[in-house]
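*Asks:* Taken in sequence, the protein lines are chains A and B. My numbering numbers the first residue of the first sequence as 1 and each following residue consecutively. My numbering numbers the first residue of the second sequence as 1 and each following residue consecutively.
There may be inaccurate statements among the hints.
If you want a taste of the chain B side facing chain A, the calculated C-beta under 7 Å gives, among others [stated by the list, open to error]: (1) Thr30; (2) Leu345; (3) Ala349; (4) Glu357; (5) Arg456.
Read the hints as simulated data drawn from the structure, not as lab findings. The model shown is predicted, which means the values in this text are computed figures rather than measured ones. For every residue, glycine included, the Cβ atom is placed at its ideal position computed from N, Cα and C.
2 protein chains.
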Amino acid sequence: MATDIFAKRALLPDGWARNIQVRMVEGRITSISQTKDARQAPAEAVRVDILLPALANLHSHAFQRAMAGMTETRGPGEQDSFWTWRRLMYRFLERLDPAQVEAIAAQVYVEMLEAGYASVGEFHYLHHGPGGVSYDDPAEMSVRIAAAAAKTGIGITHLPVLYAQGGSDGRALAGGQLRFGTDLDGFADLTDRAAAAITTVGPDAKTGVAPHSLRAVGVEALTAVQSLRADAPIHMHIAEQRAEVVEILGTHGATPVKWLLEIMDVDTRWCLIHATHMDRAETEGLARSGAVAGLCPITEANLGDGIFNGASYLAADGRLGVGSDSNVRIALAEELRTLENGQRLQGKARAVLAGPEASTGRTLYGAALAGGAQALGRASGAIEEGIWADLVALDGDALALAGLDGDALLDGWIFAGDDTIVKDVWSAGRHVVRDGRHIARDRIEAAYRSAITDLRAEL
Amino acid sequence: MATDIFAKRALLPDGWARNIQVRMVEGRITSISQTKDARQAPAEAVRVDILLPALANLHSHAFQRAMAGMTETRGPGEQDSFWTWRRLMYRFLERLDPAQVEAIAAQVYVEMLEAGYASVGEFHYLHHGPGGVSYDDPAEMSVRIAAAAAKTGIGITHLPVLYAQGGSDGRALAGGQLRFGTDLDGFADLTDRAAAAITTVGPDAKTGVAPHSLRAVGVEALTAVQSLRADAPIHMHIAEQRAEVVEILGTHGATPVKWLLEIMDVDTRWCLIHATHMDRAETEGLARSGAVAGLCPITEANLGDGIFNGASYLAADGRLGVGSDSNVRIALAEELRTLENGQRLQGKARAVLAGPEASTGRTLYGAALAGGAQALGRASGAIEEGIWADLVALDGDALALAGLDGDALLDGWIFAGDDTIVKDVWSAGRHVVRDGRHIARDRIEAAYRSAITDLRAEL
């Protein structure tokens, strides 16, 4: 059955247009047409003010949302750092059960959709029970993630994680890490089972693979993982923290991005998460590879990681997208704003990531659309026939957009506004956010509140 | 007449407490008592979940809100910078009239109150009509600011600005600057008239003085301004942009903060806005002076100014507060989060501004309470008898606060939440935000929308 959207203003591949009718059939855009005015739109069309292709959120660890607001203290007698945060994560890991993971993920996906994201790359490493005991179904946790995606209608690219060792020296897993660990055979089995569960979510759902990092996966395993699922996305954390850069340099005699580019055929299947610490050659090498740099600016600021070298990377035609990672804040406009603001503070300049022709907001949003779609292996990211109808409608009456038009609408949203401007979201044609609220929010929020209150009380 | 608030949890000077009753008479807190439980609270008390002293927003240029979202492009053929932004501001200045300034300021103050601020320091330099023609009342624009404050109930410290020259070399004013300019006699007259208008706003309203910057005010004028209003706050922009640091170094042979500390008796009356670029001696000198560093993290990021040296400054017991400056975003939690996040990205660490005992959110909020109150010369910043009842109540049912208690409530608000958590705000006892909305929002927003749409259409 066809459904139609009628938009007063829409961002099409060749620019802004007025009075645009978008037809969707089975989740895909099947036609885009322009009418003389609103009266010619079909009576049953959903009418919106400003229609944009919706972003993919390319990097999420849904369960980490449970920790939001609980890790902003300094460890006793120490200069707090990333590693203190990591210890609290491990304390959570002694408790989290599958039902809690499903409840948290569902709330996280509701909030992503309400923020204007249509899809998510779930980088999923919490496979087993406490102590590393496998569930009856080794892919139990992936099944829970699939259930959360199905409940919320978000487009998912599930990324089961291979976490094979406790450090780049090949030491064994210990403590909280035991919940993540698999050997290669176990990982292949788990990924097959996860893919079967994910397939039931919807025709647009996908499964990729995620070797966790150069700390957690050795060269041999990395090579094996690459050929595990032909043509599927491959995501990996890289060069997030300086300590990690020092560790990889010590083990392999090269910094992480340099080392990875040497040993693997990094291409458009790859998404390198963070890539914060790169020298000029690494920046240009990553750009040339065609891979996506998966930036998570809010989390990277919260964790004190550092600032990505955006200006050089875009100058070398590098591809990028954004992810909400730890989900400490799920806020699309703020995510993009934080990315650009970091560049400004670093470069002591304005509009650093703006193109020569387009505004900063338009350039950033366009880059994140293309990079997000590529990273998720998802035919989306444009209002274009044949691809998934991942769409977001903004409120033309929002105060932050008053008197603005064209690219300035994106600037107004990203730099002066917030996600309350988002009115409607479609994910592969599923109209799950209406008038700013997810259609199943109340039920999902109640389950989340109960899970989170229990979890936090136990700490 | 006495009115009462009953709070389930409240942040008192010696820490968190439960079942707290706060009595207000004529805008001041007159008693604070603890009851055994909620049943003993007076029936007519306003019941709230979490009660905090409300922050002062120590630096605002209300009219700049009109530009939000319009300046995120790069100038043709140039690396955009602060100075491109400044040119657009001057284009606005060819158009803005007093009624528009009042409409914009009223909306800005509504949003500040809704964000959880109880008071504002309005750094006011737009005195005259286009071309520098004085209005019939030379303080016309201050009268408009007073009217906006009165309409909204915000606590105001009005800071008329002395803008005497076009650069630190003493050159004459030109172009858009003509609307700002006064000589010393004119400034004294304007300030007296402004103070008379501000006095009518409320018993808590104040007038200070603001020599604009070392670029716009010479040494002689600076000295004269300091003695113009005994005991009143003195605010000044300083060391925001590198170009400014270079200019002052060229003119006076010293960087701005160093130069100011040499020539003036900078003490607790002073608030130095930005103070972004300081070496170690300047950082320590400013801390020793007892003045407040007025930080505007969102604006400073948007303008690419740079990152304040927060860790060294707090280590030297420096005082700080926050302001929304350009008002591109009026967002209290985000303002504090942006301050800390900048420190984290700079220092590659977490919880940089946290105290040894308190969490980051508690430390930041506490510092901004004390610094904001001092900078505005306003007896406020604590739930304490005898001072103005500037109070904010948070929604205990907010999802971002679920399962949190004590200092973590502030961390949850600042790092994981946003200002939708704010339920009620009192400014000197005026209960102007109820259930998250300002009591006069609809009327004020309509006037703002009309003003902004007209203004932007003319550009």
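*Asks:* Now, for every hint given, state plainly whether the structure supports it.
*Replies:* Verification of the hints:
no.: 1; hint: Thr30; result: 34 Å, violated
no.: 2; hint: Leu345; result: 6 Å, holds
no.: 3; hint: Ala349; result: 5 Å, holds
no.: 4; hint: Glu357; result: 9 Å, violated
no.: 5; hint: Arg456; result: 3 Å, holds
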